[in-house]
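Student: Each chain is listed here by its residues.
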Amino acid sequence: MSLMHEFEKRARQLGIPLSVQLDITWHCNERCVHCYLDHDGVGEMSTAKIKDVIRQLAESGTFFLTVSGGEPLVRRDCFEILGYARSLKFNVKLKTNALKIGPTEAQRLRALGIEQVQISIYSHRAEVHDAITKVPGSLNRSLEAIRFLRAQEIKVSITDVLMSQNLSDAKAVRQLAQDLGVLFEVDPTVTPKLNGDHSIVKLGITGDQLQKVFHTEEFVGNVKEFCAPVPTVDAGVLDDSTCSAGITSCYISPTGDVYPCVQFPLPCGNLRTQSFSEIWRDSRPLREVRSIRVRDLHTCSKCAHIAYCTRCPGLAHMEGDLLGISTADCAKSAARVMDGEPS
Amino acid sequence: MNSKYIARSSAIAARPLGGEMMIMSARDSTLFSLNEVATAIWEAADGTTPLADIVVLRVCAKFEIDPETAYADAEEFVSNLAQHGILLVSDQPIESQEEL
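So the protein lines, in turn, are chains A and B. Mapped onto this note's numbering, the consecutive letters of the first sequence carry residue numbers 1 to 343. Mapped onto this note's numbering, the consecutive letters of the second sequence carry residue numbers 1001 to 1100.
Note that these hints are calculated values from the structure, not bench results. Any given hint might turn out to be false.
Covered stretches of chain A, as calculated for chain B (at least 3 residues, CB under 8 Å) [to be verified]:
#1 7-15
#2 326-337
So the derived list for chain A, only partly shown, Cβ under 7 Å to chain B, looks like this [unchecked claim]:
#3 Phe-63
#4 Gly-113
#5 Leu-176
Nothing here was measured: the structure is a model prediction, and the numbers come from that model. Backbone N, C-alpha and C define an ideal beta-carbon position, used for all residues, glycine too.
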């Protein structure tokens, strides 16, 4: 077992929120067609309040802090917030479109010791990427920023959200990532908006396309391992929790709402009126989420794929049933095996 | 025994977890778990207290271990962490790096 798994296991036993994503704003300087956020949100936490939240997270034992948005760098206090988090010795990742990162910002991120910067790139062709972000010139600006970050030896990860609009460019984006010396991962799921609007899900790739992606070495590594035969379902699997959301990780919105995960819009409390530890310890929704075991899932517990399915409880919740299926993950499980559908 | 000074690098992430200390090097993302003794040394690494004094005050005074063995173990531990940029080591006092 790796040290990371040991930490995760210990955090689970001790009830520690090891990983937290903190969105400091939902405002953004791009308008991506598949974005799950409402950018017109108001009532963001102040700098002082965000620092207070970060201090509380440190006291609660959080180690991994992902600062995201919206576009976090549209907040003028973003570097102050990042610096405060680093002064409390968090492992900090920054999710950004990088449009506001020039040589100076890259130097500042290096000086702060940011662990990794994650940037979404949807195509190697400006006409495709810019059509998705709806910002002319955004691909070139993001790629230029990646070069500034790499010049500072900052780890960068490119995420490519696969949609019918850009799927054919994914291999070229992977090559681009290799040329830039950065990590690359594909995200094959377009999630519903946090407000419950499912209209953007149709932008995603089809089941057949997903199966091709999952059987392509460039995207999943060793295809045979990734699409391994379905493991036997035993009691251990059925007694497992379904996900780390709400157990060792959570999400905090710019307005201070606490959710189990960024794609799990189940309100658990608000940091303007309650302390983080109070919400983490006593929230009834969090307690409910933590109590769920695989055997409680009325459909999935009987499915042959459950032992390795990546079922997302947040997506199941958004489909209306916390104990039900996540259609997107059923499709992923089916696509990972050579010849099977979920039972 | 030459004086050796150690200081915590600012280029790390660290958090206590269940009696141990999780530390990740920003230089190479190596993850470490420090036990109670190692944590005591790491926390005392202020750049101005000689390692020998740290061993006597923070290790021998608290744990049942003889000073020579403790110092030899501490030197090995310090060397290992220094290779990953987690501790700074010098034969002179070191200015604190922890302000960002």
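Student: Each hint: holds or not?
Tutor: Hints, one by one, checked against the model:
1. 7-15: holds (count 5)
2. 326-337: Coverage by chain B is violated here, the residue count being 0 at a Cβ distance below 8 Å.
3. Phe-63: Check passed: Cβ of A/Phe-63 comes within 4 Å of chain B, closer than 7 Å.
4. Gly-113: A/Gly-113 check passes; min Cβ-Cβ to chain B is 4 Å, inside 7 Å.
5. Leu-176: violated (23 Å)
Checked against the numbered hints given earlier, the structure breaks hints 2 and 5 and satisfies all the rest.
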